[in-house]
Amino acid sequence: MKLFSLVSMAWKRGEDAFPGWKQWLVFQKKPLESWSTWKKVLFWVYTGLLYGAATFGVAVISLAFAASEYGGEMFESYFEFPLLIFLNALPVLLLGALLYFLLGRAWLAFLLQSIVILGGTFVNWFKLSLRNDPLLFVDVLLVREAQNMAGQYEIIPTAGMWLSAAGVLAVTVLFFFFLRGKPHPLVRTGGALAVLILAFLVSGKYADDNLYSYDAATDNSELISPWSDTQVYISRGFVYPFLHSITDAIDRPPEGYDEDTAQAIMEGYEDAHIPEDKKVNVISIMLEAYNDFSKFEEVNLAYDAYEEYHKLEEEGISGNLVTNIFAGGTVDTERCFLTGYSQLNNFRTNTNAYPWYFRDEGYTVEGSHPCFKWFYNRENINRSLGFENYYFVENYYEQFTGGEVALDEVLFPEIINFYEENKETGKPYLSFNVSYQGHGPYDSEQYWWSPKDIFIDNSDGKLTDSQQCILENYLGSIWNTNQNLAAFFDYFREEEEPVVIVLFGDHNPWMGDDGEIYDALGINMDLSTQEGFLNYYSTRYLIWANDAAKEVLDNDFSGEGPDIGPYFLMNLLFEECGWEGPAFMQMTDEVMDSVQVVHSSGRYMKDGQVEEHLEMEDRDLVTDYRNAQYYWRKHFYKKEKD
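Each residue of the sequence shown is one higher than the last, beginning at 587 in the numbering used here.
Be careful, since some hints might not be right.
Said to hold, decoys possible - FRET-style restraints, in silico, Cβ to Cβ:
hint: 1; residue 1: Asp1112; residue 2: Gly854; range: 40 to 48 Å
hint: 2; residue 1: Gly638; residue 2: Glu1102; range: 49 to 57 Å
hint: 3; residue 1: Asn1003; residue 2: Ser715; range: 28 to 36 Å
hint: 4; residue 1: Gly777; residue 2: Gly914; range: 41 to 49 Å
hint: 5; residue 1: Gly915; residue 2: Asp1039; range: 30 to 38 Å
hint: 6; residue 1: Asp844; residue 2: Asp1046; range: 52 to 60 Å
hint: 7; residue 1: Asp844; residue 2: Asp946; range: 26 to 34 Å
hint: 8; residue 1: Glu1198; residue 2: Leu787; range: 35 to 43 Å
hint: 9; residue 1: Asp844; residue 2: Asp1099; range: 41 to 49 Å
hint: 10; residue 1: Ser715; residue 2: Asp834; range: 18 to 26 Å
hint: 11; residue 1: Asn796; residue 2: Asp1142; range: 46 to 54 Å
hint: 12; residue 1: Leu787; residue 2: Thr1050; range: 43 to 51 Å
hint: 13; residue 1: Val726; residue 2: Glu900; range: 30 to 38 Å
hint: 14; residue 1: Thr1050; residue 2: Val726; range: 26 to 34 Å
To be verified - Below, simulated DSS-like cross-link-like pairs (lysine-lysine); rule was C-alpha separation at most 30 Å, straight line:
hint: 15; residue 1: Lys1192; residue 2: Lys1220
hint: 16; residue 1: Lys881; residue 2: Lys1136
hint: 17; residue 1: Lys1136; residue 2: Lys897
hint: 18; residue 1: Lys959; residue 2: Lys1038
hint: 19; residue 1: Lys1009; residue 2: Lys897
hint: 20; residue 1: Lys881; residue 2: Lys865
Treat the hints as calculated values from the structure; they're not laboratory data. Think of the CB as a built atom: it goes at the ideal place given N, C-alpha and C, for glycine as much as any other residue.
Construct all of the structure, not just a fragment, from the sequences and the given hints.
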């Protein structure tokens, strides 16, 4: 009340000092009838320009904080891409206009718009600072998880945030006194509708993946790595990438999905414990771009780069892993293996996956990727999938590399060291690791691993010099990996504790633009044929056990395994170990027995044959599988129990 009294006194004194000041343009809610036409127009131009300028200022502040750790250099880079400025500012302007038309009060509309935009901007800044993870639309839906995350950190606003908040409050007060224009209700209704229509018309641009990821008009990538989703997000600002993330937040259920039916399917199974006397250590390694090129008759090998790997295959169970991807998209194979899901979505919150099961069974669950933690956001997503610890360049491998990526000669010995350290806990061990060595592209001019003609006999002239260099660099990397694998397996061959090792490749390697080397060699990559389909999508997998594990599990772990998708590889491991496994795995065992590949292209593999259509019984199994995995992905079992 005291504040209103002071305002009233000031208002009265102003009238005494400046007679007629209440009639000034800046204090009116609408043009006075006595004003000339030009003055009436000036009133609304003044209102629109001042309000629009302040609203645009909020968009600029948002961009300043969107730059995150890159600071002024990134902020300045935004202005080199006018379309980025437009895509970030337009939603802010539209929101401000909508609130103004709805409320009719510039000060209140500006305040609310600033709270929404800068509130989101500041949350994004903190997420990036604390977790190297931007604010996505799906995070807004995860209120409980957001509260839990916030409770784990000390969140202290920066001086810039306080200054921005003070600026917003100052403008709000100024608008309260000096920007009082309130349009006629019909104008406000029409204006609000116009804003909504315009927002609808431009919404497609915000959902456009090509514009976001590939268009030169938004490709602000000079300061960042295009392999990091987080860094790409930062390079696009905040408002624009946040709105673009809406497309990823829509996790549509499978066609015909019924939650009650899916729940009933899952309730038909119960988790089975691993018997205490059967708990062996499991070490799995996904090898980057690893495939056995010796299987291609068209590749004339001058030296067998796969000799050591073939020896390992003779000692274990091996087969074709039919992935969903080619030359990239590593995490698809990785996360299919870890979850058992053939259809993936974001993993922004704790999600049912096999690492959680191993933890419940008393295992230590950890792993390594000797690359950067932001790569495919593994730092955060691996935590959501159940990993207790995960080692990256930043938190471990930089001591060996000076901050660079580590190759297999470093990775494999460190996997052994982690295994040995875990022995002291007395707990069984699950280790899942992802290598980086072998990642393309491969140099087309400089030989990395050996002189020319060591690995490839190009006497038939199929390959150009640059193509041969690419292929030999790939095979040189494979040879080196296999030498390191031989030493790695030798260690566990002599190990007294039971250990099972799972190896698999994530996808075929890049072999020149548009797969030019595959074409030059004459390798069939025609997806309409079974041979081409398998050549394009399949890599190799190996399940190997040392003598101690063979004795404990009463299995010799030998022979040719089935062609399977990566989502069933864990099933095969459990089958060979004699473990029944968690409820979801038991359900998917029935699917794998009939249909071994449920491919993202819509095709299937049954009994070694690629099929476009399935018989009714198999179709029903696959439908149940898709429904069950969607349900299981959405209902994290620990949260359900709580």
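We went through each hint and held it up to the structure:
1. Our hint of 40 to 48 Å for Asp1112 and Gly854 holds, since their Cβ atoms are close to 41 Å apart.
2. Between Gly638 and Glu1102 the beta carbons are some 52 Å apart, a value that agrees with the proposed interval 49 to 57 Å.
3. Between Asn1003 and Ser715 the Cβ separation comes to about 31 Å, which falls inside the hinted range of 28 to 36 Å.
4. Restraint check, Gly777 to Gly914: a C-beta distance of roughly 47 Å satisfies the suggested window 41 to 49 Å.
5. Separated by about 33 Å at the C-beta atoms, Gly915 and Asp1039 satisfy the suggested range of 30 to 38 Å.
6. Asp844 and Asp1046 have their C-beta atoms about 58 Å apart, which keeps the hinted 52 to 60 Å range intact.
7. The hinted window of 26 to 34 Å between Asp844 and Asp946 holds, with their beta carbons roughly 29 Å apart.
8. The hinted range of 35 to 43 Å is satisfied by Glu1198 and Leu787, whose Cβ atoms lie roughly 39 Å apart.
9. Distance hint check for Asp844 and Asp1099: the Cβ-Cβ separation is about 45 Å, which falls inside the suggested range of 41 to 49 Å.
10. Separated by about 22 Å at the C-beta atoms, Ser715 and Asp834 satisfy the suggested range of 18 to 26 Å.
11. A hinted range of 46 to 54 Å for the beta carbons of Asn796 and Asp1142 is consistent with their spacing of about 52 Å.
12. For Leu787 and Thr1050, the hinted distance range of 43 to 51 Å is satisfied, since their beta carbons lie about 49 Å from each other.
13. The hinted range of 30 to 38 Å is not satisfied by Val726 and Glu900, whose Cβ atoms lie roughly 53 Å apart.
14. In this structure the hint that Thr1050 and Val726 lie 26 to 34 Å apart at CB is violated, the actual value being about 52 Å.
15. For the hint pairing Lys1192 with Lys1220, the CA-to-CA distance comes to about 28 Å; that is within 30 Å, so the pair holds.
16. Simply put, Lys881 and Lys1136 have alpha-carbon atoms about 29 Å apart, close enough for the 30 Å limit, and the pair holds.
17. Restraint check for Lys1136 and Lys897: satisfied, since their Cα atoms lie roughly 18 Å apart, inside the 30 Å limit.
18. About 35 Å separates the Cα atoms of Lys959 and Lys1038, which puts this hinted pair outside 30 Å; it is violated.
19. Only pairs whose Cα atoms come within 30 Å are accepted, and Lys1009 paired with Lys897 is accepted, the gap being roughly 28 Å.
20. Proposed proximity of Lys881 and Lys865 is contradicted: the alpha carbons are some 35 Å apart, above 30 Å.
The structure does not agree with the numbered hints 13, 14, 18, 20 stated previously, though it agrees with the rest.
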